[in-house]
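Asker: Sequence:
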Amino acid sequence: MSSQRSEAIDMLFSKVDRDENLTLENAVELLNIENGSSDFYRLLAKAQELTFREYKNRGYVFAQIGLNSRPCPGNCRFCSMGLDNFVVEEETEKTEAEVVEEAKRAAAQEIDALFLMTTADYDIEKFLEISRSVKAVLPEDVMLVANIGDFGEETARRLKEAGVTGVYHIVRLNEGIDTDLDPADRIRTLDAVRSAGLELIYCVEPIGPEHTYEQIAGEMLRAREYDVNIMACMKRVCVKGTPLYERGEITDLELTKIAAVTRLVTRPKTSMNVHEPKQITLLAGVNQL
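Residue numbers for the sequence shown follow the numbering used here, beginning at -7 and rising by one.
It should be emphasised that the hints constitute simulated quantities derived from the structure, not laboratory data. Wrong hints could be hidden among the right ones.
[Unchecked claim] Here are the computed distance ranges between Cβ atoms for each label pair:
1. Lys96 x Glu145: 30 to 38 Å
2. Glu121 x Arg45: 40 to 48 Å
3. Glu268 x Glu41: 22 to 30 Å
[To be verified] Within a straight-line C-alpha distance of at most 16 Å, the following computed EDC-like cross-link-like pairs (lysine to aspartate or glutamate) qualify:
4. Lys270 x Glu241
5. Lys118 x Glu88
6. Lys7 x Glu21
The structure displayed is predicted, hence computed values, not measured ones. All residues carry an ideal CB built from backbone N, CA and C; glycine is no exception.
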């Protein structure tokens, strides 16, 4: 049986080598590989081989600035800033001057991209103003990425005009169940990002022990459908005081396997990232932190 499974995995690796897209069923089969088995390490090696060949040993470092901290109407059950489970010490909001200074310090570290993150209800006019100021102090080759709430096509165009070059936006696992956000709104935002010609940065997240491999593989395929070049996967980190705390976390080996499969299924053209950074994932095709 083990020999038959290895042969089946070889067939999937051959599809990757021929640049054929893996199916949902293919992705689930790879995700079912036993952690720590010989096939597990073969999977990591295949993802790493792909990264060395396609990324030419290029690595990336991204940084993120949180603009505010307050109870968020997205109300994600895993988040420390959910409306019903705000467990952060205090509400805060950085001034434009503070954000610009942090952006300058980040740029001095020779980052490749800077993300500006807010709660879902942050004022868009204020965000656009800060984005313009931050863009002015960034080197031309540093991406400026918005990590904000849902928006439509007009806002997407205005973000681009303000100097934003990319948007981090996703449909979370169990969106609408573990969050108060509508998956349809999330998808409309993805469409708006694509329509405006902004770079879409995607992630399979926040992965917990209860999520099925079918769910996880589905988000990989969604990213591929949107032709995502910058991809990631993220484990859910348990925050005490949040409703999902008791569900626990996946292991580092599980995260590493998911990263490797994501690399093979999604085929991002620029980079593969993982959260939270784990050294072992650097053996699974990850080239960006």
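Asker: Give a verdict on every hint.
Answerer: Each hint, compared with the structure:
1. Distance hint check: the CB atoms of Lys96 and Glu145 are about 32 Å apart, consistent with the given range 30 to 38 Å.
2. With their beta carbons about 43 Å apart, Glu121 and Arg45 fall inside the hinted range of 40 to 48 Å.
3. Glu268 and Glu41 have their C-beta atoms about 25 Å apart, which keeps the hinted 22 to 30 Å range intact.
4. A distance of roughly 14 Å separates the Cα atoms of Lys270 and Glu241; the hinted pair therefore holds under the 16 Å criterion.
5. Restraint check for Lys118 and Glu88: the C-alpha separation of about 9 Å stays at or below 16 Å, so the hint holds.
6. For the hint linking Lys7 to Glu21, the alpha-carbon distance of about 14 Å falls within 16 Å, and the restraint holds.
The structure fails none of the hints (numbered hints given earlier).
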